[in-house]
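Colleague: What follows is each chain in one-letter form.
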Amino acid sequence: MLGFTSYYFGRKKAYTIQSTNKRLTALPQFYGYYLAIWCAIPAFIIYSLWAIFEPTIVKLLILSDYANQGYLDDELNLIYEKTKALSRGQFTGEVTSLIQTSSEKYLNLRSIAQSSKVVIVLCIIIASVAYAYKRISSNNRTREPVEKFFNAVLFTASLAAILTTVGIVFSLIFQTIDFFKVIPLFDFVFGTHWYPAKAFVRDSSEALDPTMYSDTFGAVPIFAGTFFIAFIAMCVAIPIGLMSGIYLAEYASYKVRQYAKPLIEILAGIPTVVYGFFAALTVGPFLKDIGTAMGLEVSAESALAAGGVMGIMIIPFISSLSDDVITSVPQSLRDGSYAMGATKSETIKKVIFPAALPGIVGSILLGVSRAIGETMIVVMASGLAANLTLNPLESTSTITAQIVVILIGDQAFGDPKTQAAFALGMSLFIVTLCLNIVALRVVKKYREKYE
Amino acid sequence: MNKNKEKLLAKRYSSEKRFQFLGKSAIFMALLFLAIFIFKIFSTGYTAFQKTWLIVPVNFDAETMYLDANPSKEDLEEADYFEISLQSMFNLDKNANEKQQNELKKMVSYFFEREIKQELINDPSLLGKTKDVYITASDDLDQVFKGNYPRDLPENQRRVTDYQLKIFDQLVEQGKVESKFNLSFFTYPDSREAELAGIASSFMGSIFSILVCLAIAFPVAVLAAIYLEEFAPKNRFTDFIEVNINNLAAVPSIVFGLLGLGILLAVFQLPRSTPLVGGITLSLMTLPTIIIACRASLKAVPPSIREAALAMGASRMQTTMHHTVPLSMPGTLSGTIIGLAQALGETAPLILIGMVAFVNTIPGSPMDPAASLPVQIYIWAESAERGFVEKVSACIMVLLGFLIVMNLFAQIIRHKFEKKWS
Amino acid sequence: MIKISAKNVDVFYGKKQALFNINLDIEENQVTALIGPSGCGKSTFLRCLNRMNDVIDICKVQGEIVINDFNINDKGCDVVRLREKIGMVFQKPNPFPKTLYENISYGPTIHGMAQSKQEMDEIVETSLKKAALWEEVKDRLHEPGTGLSGGQQQRLCIARAISVQPEVILMDEPCSALDPIATAQIEELIDELKKEHTIIIVTHSMAQAARVSQRTGFFHLGELIEHGSTDKIFKNPDNTKTQDYITGRFG
Chain D
46 MLGFTSYYFG RKKAYTIQST NKRLTALPQF YGYYLAIWCA IPAFIIYSLW
96 AIFEPTIVKL LILSDYANQG YLDDELNLIY EKTKALSRGQ FTGEVTSLIQ
146 TSSEKYLNLR SIAQSSKVVI VLCIIIASVA YAYKRISSNN RTREPVEKFF
196 NAVLFTASLA AILTTVGIVF SLIFQTIDFF KVIPLFDFVF GTHWYPAKAF
246 VRDSSEALDP TMYSDTFGAV PIFAGTFFIA FIAMCVAIPI GLMSGIYLAE
296 YASYKVRQYA KPLIEILAGI PTVVYGFFAA LTVGPFLKDI GTAMGLEVSA
346 ESALAAGGVM GIMIIPFISS LSDDVITSVP QSLRDGSYAM GATKSETIKK
396 VIFPAALPGI VGSILLGVSR AIGETMIVVM ASGLAANLTL NPLESTSTIT
446 AQIVVILIGD QAFGDPKTQA AFALGMSLFI VTLCLNIVAL RVVKKYREKY
496 E
Chain U
121 MNKNKEKLLA KRYSSEKRFQ FLGKSAIFMA LLFLAIFIFK IFSTGYTAFQ
171 KTWLIVPVNF DAETMYLDAN PSKEDLEEAD YFEISLQSMF NLDKNANEKQ
221 QNELKKMVSY FFEREIKQEL INDPSLLGKT KDVYITASDD LDQVFKGNYP
271 RDLPENQRRV TDYQLKIFDQ LVEQGKVESK FNLSFFTYPD SREAELAGIA
321 SSFMGSIFSI LVCLAIAFPV AVLAAIYLEE FAPKNRFTDF IEVNINNLAA
371 VPSIVFGLLG LGILLAVFQL PRSTPLVGGI TLSLMTLPTI IIACRASLKA
421 VPPSIREAAL AMGASRMQTT MHHTVPLSMP GTLSGTIIGL AQALGETAPL
471 ILIGMVAFVN TIPGSPMDPA ASLPVQIYIW AESAERGFVE KVSACIMVLL
521 GFLIVMNLFA QIIRHKFEKK WS
Chain B
2 MIKISAKNVD VFYGKKQALF NINLDIEENQ VTALIGPSGC GKSTFLRCLN
52 RMNDVIDICK VQGEIVINDF NINDKGCDVV RLREKIGMVF QKPNPFPKTL
102 YENISYGPTI HGMAQSKQEM DEIVETSLKK AALWEEVKDR LHEPGTGLSG
152 GQQQRLCIAR AISVQPEVIL MDEPCSALDP IATAQIEELI DELKKEHTII
202 IVTHSMAQAA RVSQRTGFFH LGELIEHGST DKIFKNPDNT KTQDYITGRF
252 G
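Chains as they are written, first to last, in our numbering: chain D, 46 to 496; chain U, 121 to 542; chain B, 2 to 252.
If you are wondering where the hints come from, they were derived from the structure by calculation, not from laboratory data.
There could be a bad hint or two in this list.
Listed next, the in silico DSS-like pairs over lysine-lysine satisfying Cα-Cα at most 27 angstroms (straight line) [what the hints assert, rightly or not]:
(1) D:Lys395 / D:Lys462
(2) D:Lys389 / B:Lys242
(3) U:Lys127 / B:Lys76
(4) U:Lys160 / U:Lys131
(5) D:Lys394 / U:Lys226
(6) B:Lys196 / D:Lys395
(7) U:Lys249 / U:Lys225
(8) D:Lys333 / D:Lys395
(9) U:Lys249 / U:Lys214
(10) B:Lys93 / B:Lys131
(11) U:Lys237 / U:Lys296
(12) U:Lys300 / U:Lys266
(13) U:Lys237 / D:Lys394
(14) U:Lys225 / D:Lys300
(15) D:Lys395 / U:Lys237
(16) D:Lys389 / U:Lys131
(17) D:Lys394 / B:Lys4
So, partial list: chain D residues that the calculated Cβ filter (under 8 angstroms) puts toward chain B [what the hints assert, rightly or not]:
(18) Gly314
(19) Gly381
(20) Gly386
On a predicted model such as this, the values are computed, not experimentally measured, just so you know.
Glycine included, each C-beta is placed from N, C-alpha and C at the ideal position.
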């Protein structure tokens with residue numbers, strides 16, 4: 046807030062300066078920007094540093110009173126939390142005199158901090174503006190530093206993507222490492238019993254006892270279920286998606302293409318939770334009824350329902366990507382084949398399809414990666430119990446469904462169950478990352494070939 | 121030889137026909153799925169926009185409410201409405217025994233007391249008189265009236281008792297049951313009772329999340345795209361950034377949920393279940409989409425424009441900010457809207473950061489706990505009560521409506537403002 | 002003997018008319034060159050002869066084109082059979098992204114011309130020999146066709162075209178993407194091929210038309226201005242426009 050006020054303040058000031066200053070080496074705005082940057086940035090830095098360190102310092106100051114009275118760390122933290130709660134007027138428990146006094150002290154410290162912060166930030170602003178002002182009157186060039194500054198801002202923004210990736214890795218890795226400290230990697234990767242509900246920690250001494258978790262976190266049924274459902278989905282999506290992509294690219298008239306393509310793409314825009322509802326409410330019971338009519342036992346939450354609906358969701362990805370890929374095959378190859386007397390389907394099957402194959406494979410891999418990472422459909426339509434089965438009529442569970450099941454509601458960090466979810470997330474991230482990298486590379490190579 | 125050739129040709133043509141047929145049926149299948157889908161949602165959902173009301177005569181007896189003849193506004197607010205509300209329900213069947221009276225009470229929503237109170241506050245002159253008041257029917261009777269309830273099940277397998285059905289049918293015959301537009305679906309927050317549940321809280325949650333997402337993702341993404349497209353040197357580091365962006369666009373959304381949980385909640389200690397955290401998480405997801413769209417539209421600006429500006433002596437920064445970026449804005453904006461539409465439909469990451477909590481107040485800021493529309497769909501879809509099924513479909517209709525509007529808007533921006541470079 | 006005879010051919014691209022009332026007879030086992038400035042419709046006319054214009058949605062062809070007493074613009078005409086008899090070589094070499102062998106065997110396979118692997122080998126060999134490419138590539142028949150040089154690629158395309166023993170070969174500026182040496186090789190090849198095939202070649206280069214063809218047609222703005230023996234067109238044209246074009250005054 047303060048930073049922004051000073052920004053406008055600084056710019057206004059700068060405009061007045063430029064009206065009196067006649068010899069300028071850059072546009073007047075640049076002097077304004079220059080001053081504003083000098084005004085805002087140092088103040089902003091100080092302000093943020095202050096905001097970060099203030100709570101810690103206040104805490105230290107308050108707790109220093111009790112530091113030598115033999116409290117445990119946990120108790121000290123509790124005192125501090127109670128103090129804060131009381132100061133905000135949200136305290137519900139019994140108010141002891143200890144907390145009462147420390148709360149008064151807390152409020153006192155906070156108000157001192159508040160006012161000194163304002164004073165210091167204002168001083169910094171005045172100092173830096175004065176410095177910049179002096180630089181301006183000495184008739185320096187201001188455009189370069191201002192542009193350099195903006196360039197740095199742009200660069201920082203472009204780091205956001207990397208920061209996100211780093212953030213993902215960081216959020217996953219620590220919990221995962223903690224998890225594997227308790228559960229051996231071997232048990233996780235090759236164990237065949239997944240039953241996280243068993244890992245109910247009664248007290249903290251049990252939490253680190255590995256024997257408690259034997260046969261609890263074997264992820265094989267989860268991995269198998271994930272790939273199985275993805276496989277069912279691709280069985281639906283590949284033929285339909287590929288054929289409709291081919292038809293749209295090669296056969297459809299302009300009019301059909303104009304309407305059919307966006308209509309199919311609507312399927313991609315429907316939120317996955319809607320698909321999940323559809324699968325759970327309509328497809329699941331429908332399959333169950335058919336199964337009962339044929340004398341088969343079909344679970345209402347069968348892998349077939351979840352996989353099938355997921356396949357419908359993936360159709361547009363495959364169809365529009367393969368449509369793109371096929372359209373980018375040069376017309377001269379088609380002409381060459383037609384001129385030999387080939388029919389359209391022969392041309393497609395024998396010339397265009399092989400030429401477009403890398404791109405199509407890439408689009409299918411991206412589809413697989415989506416199927417593996419899809420969450421809501423499986424959470425709502427497939428089972429939550431991890432069965433190791435290859436029967437599409439039974440219920441199975443997936444990585445994503447297990448993550449949601451474990452993490453829905455309150456979680457305690459440090460509990461192996463929560464950590465298991467992060468370990469699952471890590472494996473999901475690694476698998477999809479590999480698929481994506483391979484797929485993107487294949488598609489990119491293909492594009493370069495025909496450009 | 122010639123005969124063989126004829127045969128082969130016939131075969132080739134039939135295979136051509138088969139192939140075309142396959143292609144057509146694939147398209148047909150895809151469109152059929154879409155049609156079934158939309159039909160199913162609409163046919164189950166449209167009834168949710170109607171709500172069933174019972175018209176019950178209420179005797180606003182001052183004595184029962186402990187009011188004097190000329191009560192002030194405060195008195196009206198504080199009066200005891202429970203007794204008259206209960207009495208008016210019991211009056212539907214004067215011979216009811218205690219168990220039946222209890223069933224009578226359950227024929228309407230537990231809001232009935234409040235509805236009766238509102239009636240009197242709106243018109244204080246009713247005091248001491250009897251008036252027909254519209255009272256929200258219970259969700260099960262609502263379903264009965266809409267014809268969605270399996271009445272022929274044995275009594276012990278349904279929640280509506282035979283007695284309730286009898287009274288209800290009598291009311292229907294007397295014309296005392298009415299179906300009206302369900303305004304409360306849009307103005308009420310979530311509730312455990314299907315007849316009172318509305319989308320207001322989750323709707324506001326969605327709006328706040330999307331605004332937070334827009335406020336973060338749009339500036340960062342545009343700046344990043346400008347840097348990568350206009351300023352970045354071509355080296356391994358920028359290649360790395362690019363690979364990163366493309367990968368992020370394909371990372372499963374639930375992983376972003378884990379990021380939100382592991383970093384935003386656990387490390388930065390941001391408040392759980394709030395649209396603020398939801399919005400930040402969604403913005404990280406939307407970032408690559410917007411960057412890619414913005415870069416594409418920057419790329420579409422022909423180099424001749426840049427060269428013209430540079431030749432006038434403008435700096436790189438000036439050229440970019442004055443010419444290239446404004447020209448690329450339509451593409452960027454439509455990409456942003458599409459990215460936001462995706463974020464609006466996202467569920468899994470929000471569940472992980474706790475936006476799935478039951479919230480029965482309408483959030484007033486991004487720092488208040490809230491759900492979002494897709495999460496609301498999930499919550500209701502998981503509830504067992506029959507009344508929620510139509511609510512889910514109706515909520516889906518609202519959500520899809522928003523998505524369609526956003527996508528249309530993106531299309532319009534693209535077609536209307538985007539310059540075609542020949 | 003007349004092989005192809007076009008009568009009153011009009012071609013439209015959407016609303017725009019590209020060819021106006023073309024009447025042209027083409028002699029068997031001769032090389033006919035079609036010349037004219039860019040955009041005059043000579044390629045469009047060539048593509049009418051094997052109905053390649055069908056590929057373009059907005060293109061409409063009217064009039065009669067009779068080949069072997071059969072009007073190919075008839076509804077009953079089977080384009081697949083037509084194109085088997087009339088091969089085509091394009092401006093830019095367009096080998097399929099497959100091996101050399103597969104490139105040549107493509108046509109015979111789809112038309113079911115070889116009963117055994119041996120027969121197919123024979124067809125591939127003779128086609129490549131006829132296209133004067135055999136010696137250069139016989140050791141790498143199973144390498145991709147896209148790895149050849151431009152001239153070799155174009156001869157590969159010619160070999161591909163003759164593998165199905167077409168009666169007519171259409172060539173759409175076959176040398177425009179090639180260097181002079183490769184051009185000379187192709188021209189030599191054309192001379193050889195005319196013994197067994199009727200050849201129609203569209204070319205930009207008047208020198209090339211004079212070198213390879215026996216008959217020439219001159220197109221201008223979608224009209225066939227003049228046609229006759231190459232000698233006559235080049236030495237003593239009837240029409241002043243032809244005269245101007247030949248002598249390089251426009252085009």
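Colleague: Now look at each hint and say whether the structure bears it out.
Modeller: Quick rundown of the hints versus the structure:
no. : hint                : in the structure
1   : D:Lys395 / D:Lys462 : 53 angstroms, violated
2   : D:Lys389 / B:Lys242 : 42 angstroms, violated
3   : U:Lys127 / B:Lys76  : 21 angstroms, holds
4   : U:Lys160 / U:Lys131 : 42 angstroms, violated
5   : D:Lys394 / U:Lys226 : 67 angstroms, violated
6   : B:Lys196 / D:Lys395 : 32 angstroms, violated
7   : U:Lys249 / U:Lys225 : 22 angstroms, holds
8   : D:Lys333 / D:Lys395 : 41 angstroms, violated
9   : U:Lys249 / U:Lys214 : 19 angstroms, holds
10  : B:Lys93 / B:Lys131  : 20 angstroms, holds
11  : U:Lys237 / U:Lys296 : 20 angstroms, holds
12  : U:Lys300 / U:Lys266 : 12 angstroms, holds
13  : U:Lys237 / D:Lys394 : 74 angstroms, violated
14  : U:Lys225 / D:Lys300 : 60 angstroms, violated
15  : D:Lys395 / U:Lys237 : 77 angstroms, violated
16  : D:Lys389 / U:Lys131 : 14 angstroms, holds
17  : D:Lys394 / B:Lys4   : 34 angstroms, violated
18  : Gly314              : 29 angstroms, violated
19  : Gly381              : 4 angstroms, holds
20  : Gly386              : 4 angstroms, holds
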